[in-house]
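A.B. asks: Chain residues, written in single-letter form:
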Amino acid sequence: MKMSEEKPAADGDSLSTNTASSPQKKHPQPQQRPILATFQKLMKKIRTGFRRFFIASGQDIQQGFVHLGKSIGGFCKDIVLSFIRGDWPTKLTYLIFGFGYWFRGQKVVLTKHGKPILYKNGLRKGTPVAYYQVQWLRASLLLAVQTGVILLFVLWGLPNLSKLDLQNLTPYTCVIDSATKKNVCGGDSTFLILLYSIVMIVILVAFTVIYFIQIKDERKSEIQWREGRHVNSALDDIHDLFDGKFYKTVLFVPILGVIVFTIVPILFMICIAFTNYDGDHLPPGKFFSWVGWTNFETMFSSSSNSGFNTVFVSVLTWTILWAILATVTCYLGGIVFALILNSKNTRWPKFWRTCFVVTIAVPQFVSLMLVRFFLSDNGVANALLNQWGVVSWAQSIGWISKAFFPFLSDPVWIKWTVVIVNMWIGFPYMMLITTGILMNIPSDLYESARIDGAGKGRMFWSITMPYILQVTGPYLIASFVANINNFNVIYLLTSGYSTSDVTFGTVGAKESDLLVTWLFNMCTGSGYKYDMASVIGIMAFVISAIVTLLAFTQTTKNHREERFQ
Amino acid sequence: MSPIEKTNLSKEPASQPSRPAHRISEHKANLVKKNVAVVLHNVLIGLMAVLWLFPVLWLVLCSFSTATSPSVTTFFPKAYTLTNYLSIFNPNGDTANQFPTWFRNTLVVSSLTCLISTVFVLQVSFALSRMRFRGRKSLMNVSMILGLFPGLLSMICIYFLFQYVFRINDFLMRLVIAYSAASGLGYLIAKGFFDTIPKDIDEAAKIDGASEFQIFTRITIPLSKPIIVYTILTSFMGPWVDFVFAYIILPSGKTQYYTVAIGLYNMLNRSLLSTHYGIFCAGAVIISIPLSVLFMFVQKYYVAGITGGAVKG
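Residue numbers (this note's numbering), protein chains in the order written: chain A, 887 to 1451; chain B, 595 to 907.
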């Protein structure tokens, strides 16, 4: 814990060298107006950020390609050379997985109580004194993997992969079996063909990786064996998995989970974007087929008159606007609130903090649905405002046309409402974080500033704010990305609203929709436009990726990892 | 302390007794002013707190209200009753209200999810934080990129994976797997914590002959109690508040498989809203109280994780 207190000062320094925003550097010109200065600094930071992003990413890509080329070249050389120079078991390893391992092992001299077994007249005939501990565990495991995958490929993968062009398929039909009186269905399902093929391709990729790894590794143990160095026995291998190679043991199952439940679905989703999988082509009764870039054209080109194009632009604009508004309001609101609660004037700060935190603790599907009922056209808020005469007053000045405030039923009002309600949900988080940070700021920073004659405002703008910005930078990025995909707030609050705009209605969207909620509506609504939903999903990913890349090339996050170890 | 400061300090107390009378009254006025400022400050905070607790308060009020639909004209209910709480615990064959079953389902799902994902997260964090191996950086980058894909679409595909590839018929098992299988991706906060444990400890243990497995179980785990508590509690709370993924994975209409979140959300259907709104509120209050207590407990770890992880990388 001591260390975490020391680090802020060091980070503050690294910040100052980068962006010239340290308290010391600003000191000579105290007459400069703090807000303006901060804004200018922010702009400068964004400019340098962009510049650095393009330069850095350019260099990264260039270096990446050079590196990739070199490593692929070196890898191929290794594989070819070890085939030429290896002995016959190594050569056979190229055909049969782990074949060489049956021949490599550590020479073990038989011992009794730690001493080699010796006999009176040297070696007794036919009695072994030494044997080889061959790597039978690796060899048999690899053989099992090879047999398994080949069987799987022939029996299950090949039939599916051969139909992957999604043409010439057997129609799906159901026949009532006369004997059992049950409906027996048969035929191809394009959905399953695609899904199985992707699973098979992922397995094949893993298979190829294992193939090359075992070749390289086998060659290594051949050399070790030939030179008389130590070769791992099966027991050594197991021991290694709990010591030097422990990371393999602990990462295996989690990575397997990620591959099956994250990577396979993502690949499937990307493939769906290139098919016409929608309500008219729902498996198993009907087939969908590959359509190339048609869905992307429908989504982006202005020549298609499906309405997707205009709605997409509008939804995308609102998504980005929403992400900015939601992030900024919660961020600033949280900081302001934490400062207010942290002030010396506050009595019972813990109690107040608890009050605000309760709003996060209540599940969102409860609190947001309640707010939705509260603000609906005939909800309590409107009833109360009506009783107090606010509604008739607003009507008289022409602010609203109907006898209620359309908080969640007017395309413009609803956007303001969700932003404000989101503040209610979102800024206690930022408040908690800022409170934590405020407690961590080393007090000697303030003390030295006070001795130098800095006032309260000066200390706030020169110490507190830079400090908070520095620490919460990554959180800010993360919350921006989270807001782009903020399903809960938008979906729950606007689920009572239905659009009157025909263009939006035909593509299953609402004015208040984000990309994610639109996507969800398409998948669950009457249209089942999975193909277009996938296109939107890909777009949401692209936007998040751009934002994250922009932000992370600027911060030197990865280099700081080992500072405190 | 410099000599100049010392003289300054010694001067001040000496000048205080000789303060003129009007200065004293000014001092008093300042005191009053300050008190007023304190009171105003706290009243302002209090007002904000009331505004913040407004919906929560309304939730509690509605749960005791005799009104069965949210279309009411007054904030405070006209009459109070306990019927909602009674019917939540005694559904009496109401298929739309099986709170005790849902509670049991969610408890099972969240306990198993919590167990699996805590183990996964700790394993991944240990490997990525305490060990150095080829491809470690790439793994971290890939995991960051994977986190950017919208999970909603994946969930739809996962539903079909369960349906056709794995053929798991137990819906609660499906939920457990869907929640916990990819939980290794959420390693960042725990890794940030592990990064702060000095490497010297590991090295000392290695010199004494400890294997990495022993370092993990005997050193890192005992030293990381706070982050383990945090991981356990957050993964336990997940299934209680999530409704989107459960909505996709669980079959519609089969209420006996619902979790609390789905069951309660289902009560807000158009057809059920006018009869089940009070019951919804009562159920929401019942699950919100333990969740709030848990969250109060977790919040400091959450803050430490975000702020610490942010600086430490």
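Derived from the structure by calculation, the hints contain no laboratory data. Accuracy of the hints is not assured; some may be wrong.
[Unchecked claim] Facing chain B, according to a computed beta carbon distance under 7 Å, are these residues of chain A, among others:
| no. | residue |
| --- | --- |
| 1 | S1048 |
| 2 | P1151 |
| 3 | C1157 |
| 4 | F1259 |
| 5 | A1267 |
Built from N, CA and C at the ideal position, the CB exists for glycine as well.
A.B. asks: Next, verify each hint and record whether it holds.
C.D. replies: Tested hints:
{"no.": "1", "hint": "S1048", "in the structure": "violated (19 Å)"}
{"no.": "2", "hint": "P1151", "in the structure": "holds (4 Å)"}
{"no.": "3", "hint": "C1157", "in the structure": "violated (10 Å)"}
{"no.": "4", "hint": "F1259", "in the structure": "holds (4 Å)"}
{"no.": "5", "hint": "A1267", "in the structure": "violated (9 Å)"}
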